[in-house]
Amino acid sequence: MITILYFAWLRERTGLSEETLALPDAGMTVADLIALLAARGPGHAAAFQNRRTVRCAVNQEFADPATVLRSGDEVAFFPPVTGG
Amino acid sequence: MITILYFAWLRERTGLSEETLALPDAGMTVADLIALLAARGPGHAAAFQNRRTVRCAVNQEFADPATVLRSGDEVAFFPPVTGG
Amino acid sequence: MARILVSEADFDVGAEIALLTAGRTDIGGIGCFIGTVRDAVPQADAPVVSALTLEHYPAMTERAIGRIVAEAERRWTLLGCTVIHRVGRLAPGENIVLVLAASAHRQAALDATAFLIDWLKTKAPFWKREEFIDGASAWVEAKDSDDAAAERWT
Amino acid sequence: MARILVSEADFDVGAEIALLTAGRTDIGGIGCFIGTVRDAVPQADAPVVSALTLEHYPAMTERAIGRIVAEAERRWTLLGCTVIHRVGRLAPGENIVLVLAASAHRQAALDATAFLIDWLKTKAPFWKREEFIDGASAWVEAKDSDDAAAERWT
Numbered sequence: 110m111i112t113i114l115y116f117a118w119l120r121e122r123t124g125l126s127e128e129t130l131a132l133p134d135a136g137m138t139v140a141d142l143i144a145l146l147a148a149r150g151p152g153h154a155a156a157f158q159n160r161r162t163v164r165c166a167v168n169q170e171f172a173d174p175a176t177v178l179r180s181g182d183e184v185a186f187f188p189p190v191t192g193g
Numbered sequence: 110m111i112t113i114l115y116f117a118w119l120r121e122r123t124g125l126s127e128e129t130l131a132l133p134d135a136g137m138t139v140a141d142l143i144a145l146l147a148a149r150g151p152g153h154a155a156a157f158q159n160r161r162t163v164r165c166a167v168n169q170e171f172a173d174p175a176t177v178l179r180s181g182d183e184v185a186f187f188p189p190v191t192g193g
Numbered sequence: 030m031a032r033i034l035v036s037e038a039d040f041d042v043g044a045e046i047a048l049l050t051a052g053r054t055d056i057g058g059i060g061c062f063i064g065t066v067r068d069a070v071p072q073a074d075a076p077v078v079s080a081l082t083l084e085h086y087p088a089m090t091e092r093a094i095g096r097i098v099a100e101a102e103r104r105w106t107l108l109g110c111t112v113i114h115r116v117g118r119l120a121p122g123e124n125i126v127l128v129l130a131a132s133a134h135r136q137a138a139l140d141a142t143a144f145l146i147d148w149l150k151t152k153a154p155f156w157k158r159e160e161f162i163d164g165a166s167a168w169v170e171a172k173d174s175d176d177a178a179a180e181r182w183t
Numbered sequence: 030m031a032r033i034l035v036s037e038a039d040f041d042v043g044a045e046i047a048l049l050t051a052g053r054t055d056i057g058g059i060g061c062f063i064g065t066v067r068d069a070v071p072q073a074d075a076p077v078v079s080a081l082t083l084e085h086y087p088a089m090t091e092r093a094i095g096r097i098v099a100e101a102e103r104r105w106t107l108l109g110c111t112v113i114h115r116v117g118r119l120a121p122g123e124n125i126v127l128v129l130a131a132s133a134h135r136q137a138a139l140d141a142t143a144f145l146i147d148w149l150k151t152k153a154p155f156w157k158r159e160e161f162i163d164g165a166s167a168w169v170e171a172k173d174s175d176d177a178a179a180e181r182w183t
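Listed in order, the protein sequences are those of chains A, B, C and D.
Here the first sequence is numbered in the numbering used here, starting from 110 and rising by one per residue.
Here the second sequence is numbered in the numbering used here, starting from 110 and rising by one per residue.
Here the third sequence is numbered in the numbering used here, starting from 30 and rising by one per residue.
Here the fourth sequence is numbered in the numbering used here, starting from 30 and rising by one per residue.
To be clear, the hints were calculated from the coordinates, so they are not data collected in a lab.
Mixed in with the good hints there might be a few duds.
Only some residues are given here: those of chain C computed to face chain A with a beta carbon under 7 angstroms [unchecked claim]:
| no. | residue |
| --- | --- |
| 1 | Gly64 |
| 2 | Ile146 |
| 3 | Leu149 |
| 4 | Ala153 |
| 5 | Pro154 |
Over the 10 angstroms line for every Cβ pair with chain B, so calculated as not near, a few chain D residues [claimed, not checked]:
| no. | residue |
| --- | --- |
| 6 | Glu37 |
| 7 | Ala133 |
| 8 | Pro154 |
Straight-line alpha carbon distances no greater than 20 angstroms define the calculated SDA-like cross-link-like pairs of lysine to any residue that follow [to be verified]:
| no. | chain 1 | residue 1 | chain 2 | residue 2 |
| --- | --- | --- | --- | --- |
| 9 | D | Lys152 | D | Gly117 |
| 10 | D | Lys152 | B | Gly136 |
| 11 | C | Lys152 | C | Lys172 |
| 12 | C | Lys172 | A | Asn159 |
| 13 | D | Lys152 | D | Thr183 |
| 14 | D | Lys172 | B | Arg160 |
| 15 | D | Lys172 | B | Cys165 |
| 16 | C | Lys152 | C | Val35 |
| 17 | D | Lys152 | D | Ile33 |
| 18 | C | Lys152 | A | Val184 |
| 19 | D | Lys152 | D | Ser36 |
| 20 | D | Lys172 | D | Val78 |
| 21 | D | Lys152 | D | Ala99 |
| 22 | C | Lys152 | A | Cys165 |
| 23 | C | Lys152 | C | His134 |
| 24 | C | Lys172 | D | His134 |
| 25 | D | Lys152 | B | Pro151 |
| 26 | D | Lys172 | B | Val167 |
| 27 | C | Lys152 | A | Glu170 |
| 28 | D | Lys172 | D | Val70 |
| 29 | C | Lys172 | A | Arg149 |
| 30 | D | Lys152 | D | Val78 |
| 31 | D | Lys152 | B | Val167 |
| 32 | C | Lys152 | A | Thr162 |
| 33 | D | Lys152 | B | Pro189 |
| 34 | C | Lys152 | A | Gln169 |
| 35 | D | Lys172 | C | His134 |
| 36 | D | Lys152 | D | Asp173 |
| 37 | C | Lys172 | D | Gly95 |
| 38 | C | Lys172 | A | Arg164 |
| 39 | C | Lys152 | C | Glu100 |
| 40 | C | Lys172 | C | Arg158 |
Cβ atoms here follow ideal geometry from the backbone N, Cα and C, with glycine treated the same way.
Excised from the complex, chain A in its bound form (with noise of 0.2 angstroms):
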């Protein structure tokens, strides 16, 4: 299993702030998660639509979409970040 958390924009778009999904299987890339996430629904597939402004953490620290999943992982998307 791993969690999945959402955050500002895509968090409205999917209409969710955290799911779980289980890992379907060992080498799961972030960019693999995002094309099954992106296939989940309307919602979902609009939060992924522009695949450019959507970032990822992986245990709270910034990951790429080659970034291999493991289970336990927490994974979250967000937009570009605008604190500060």
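Chain A is already provided as a structure; the job is to place chains B, C and D on it using the hints.
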């Protein structure tokens, strides 16, 4: 007459914070005044010994050696500034 | 050594400086930046923003700020550092973020302050949503100029 | 618009920021620098400075600071600016100088703050005399690095 002010180690070396002087001739520059003052005695000579370390303001504005003095001017001599 | 805080409550700049410098006589300069909520958006002259809401990723935020501070401490000899970032709903004029950097020398303090706010803007998980006086609201978009500012330091 | 003060009394950073920003909702960032008395001189590892005395040229000081502030206002769009410089005898740890610069955008606020302190260091008529713990004292010499910092802006 002009008023001459000394600050920091120029005040200490001349032993004066202020003195007045009758302007000896029209067209006198800051450089002329320094030459005149440096000949006034050992304290003044020490104060103006290294002229590259002496700064000047005329009527509270930074001035250079070529600035021409006029009667009534307030001429200040001091080291390079070190505030802030 | 660094003080890192994410909070809904406002901060007291004077109290934070006092905390940073208490009992110290080796500090020569303290750089400081305070970010505040503006009611005007760049595209408009008139006040249009009625409130700003800051969302963040609680489990990650303080860790991310800690990494930014550690990078500042690696680049400059700092004698103390404070980063406080507010979250929640803020009105125009309210404080958003405080950065303090103390050093023996002013250039290190000023450079570290600029670095910290530049990197906070691009590497800490905060998102701003603006509410406008006409009732609309929108997520603030990341600015290329912020990316450029952060890139200056790499 | 600018607040310029030369004073023996200490300043209150929080109160000065409050004064600068009171009732305003157009400020996005406030840059701040505070210079303090260090007890260590650059040439030594041990604390050796017991006090610092700041002399100035009263008739010229506020005018010179006013010119520096006017130059900052010419270069950046500032929404407020404060420069307070203390004079007299100060102990290690005490405040010497406060610079505040407020703007709609952080880069202007930070750049103006750095500019103001760089130019204050080289263009305002203050002189520091250090007293050492062994009873000696000496005028602080102007630093080439300060001239270089001021030259950056020309």
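Hint check results:
1. Gly64: Since chain A brings a Cβ to about 6 angstroms from glycine 64 of chain C, closer than 7 angstroms, the hint holds.
2. Ile146: Since the shortest Cβ distance to chain A is 6 angstroms, the answer is holds.
3. Leu149: holds, 4 angstroms
4. Ala153: Holds: closest Cβ of chain A sits about 5 angstroms from alanine 153 of chain C, inside 7 angstroms.
5. Pro154: holds, 6 angstroms
6. Glu37: holds, 14 angstroms
7. Ala133: For alanine 133 of chain D, whose nearest Cβ neighbour in chain B is about 26 angstroms away, the distance exceeds 10 angstroms, so it holds.
8. Pro154: At about 6 angstroms from chain B, proline 154 of chain D fails to clear the 10 angstroms cut-off, so the statement is violated.
9. D:Lys152 / D:Gly117: Holds, at roughly 19 angstroms.
10. D:Lys152 / B:Gly136: violated, 27 angstroms
11. C:Lys152 / C:Lys172: Holds, at about 13 angstroms.
12. C:Lys172 / A:Asn159: holds, 17 angstroms
13. D:Lys152 / D:Thr183: This hinted pair holds, its Cα atoms lying about 13 angstroms apart.
14. D:Lys172 / B:Arg160: holds, 17 angstroms
15. D:Lys172 / B:Cys165: holds, 18 angstroms
16. C:Lys152 / C:Val35: holds, 15 angstroms
17. D:Lys152 / D:Ile33: Holds, at roughly 15 angstroms.
18. C:Lys152 / A:Val184: With Cα atoms ~17 angstroms apart, lysine 152 of chain C and valine 184 of chain A stay inside 20 angstroms; holds.
19. D:Lys152 / D:Ser36: Satisfied, since the Cα-Cα distance of roughly 18 angstroms is no more than 20 angstroms.
20. D:Lys172 / D:Val78: Roughly 18 angstroms separates the two Cα atoms, so the pair holds.
21. D:Lys152 / D:Ala99: Holds, at roughly 13 angstroms.
22. C:Lys152 / A:Cys165: Answer holds: lysine 152 of chain C to cysteine 165 of chain A is near 12 angstroms, not above 20 angstroms.
23. C:Lys152 / C:His134: violated, 27 angstroms
24. C:Lys172 / D:His134: holds, 13 angstroms
25. D:Lys152 / B:Pro151: violated, 29 angstroms
26. D:Lys172 / B:Val167: Answer violated: lysine 172 of chain D to valine 167 of chain B is near 24 angstroms, above 20 angstroms.
27. C:Lys152 / A:Glu170: Within the cut-off at roughly 10 angstroms; holds.
28. D:Lys172 / D:Val70: holds, 13 angstroms
29. C:Lys172 / A:Arg149: Violated - the C-alpha atoms of arginine 149 of chain A and lysine 172 of chain C are around 30 angstroms apart, more than 20 angstroms.
30. D:Lys152 / D:Val78: Status violated; Cα separation ~25 angstroms.
31. D:Lys152 / B:Val167: The given pair, whose Cα atoms are some 14 angstroms apart, holds under the 20 angstroms limit.
32. C:Lys152 / A:Thr162: Distance of about 15 angstroms is within 20 angstroms: holds.
33. D:Lys152 / B:Pro189: The given pair, whose Cα atoms are some 9 angstroms apart, holds under the 20 angstroms limit.
34. C:Lys152 / A:Gln169: OK: lysine 152 of chain C and glutamine 169 of chain A at ~12 angstroms, within 20 angstroms.
35. D:Lys172 / C:His134: holds, 13 angstroms
36. D:Lys152 / D:Asp173: holds, 14 angstroms
37. C:Lys172 / D:Gly95: violated, 35 angstroms
38. C:Lys172 / A:Arg164: Holds, because 15 angstroms separates the two Cα atoms, which is no more than 20 angstroms.
39. C:Lys152 / C:Glu100: Measuring from Cα to Cα gives roughly 12 angstroms; hence the hint holds.
40. C:Lys172 / C:Arg158: holds, 14 angstroms
Of the numbered hints stated above, those contradicted by the structure are hints 8, 10, 23, 25, 26, 29, 30 and 37, listed in ascending order.
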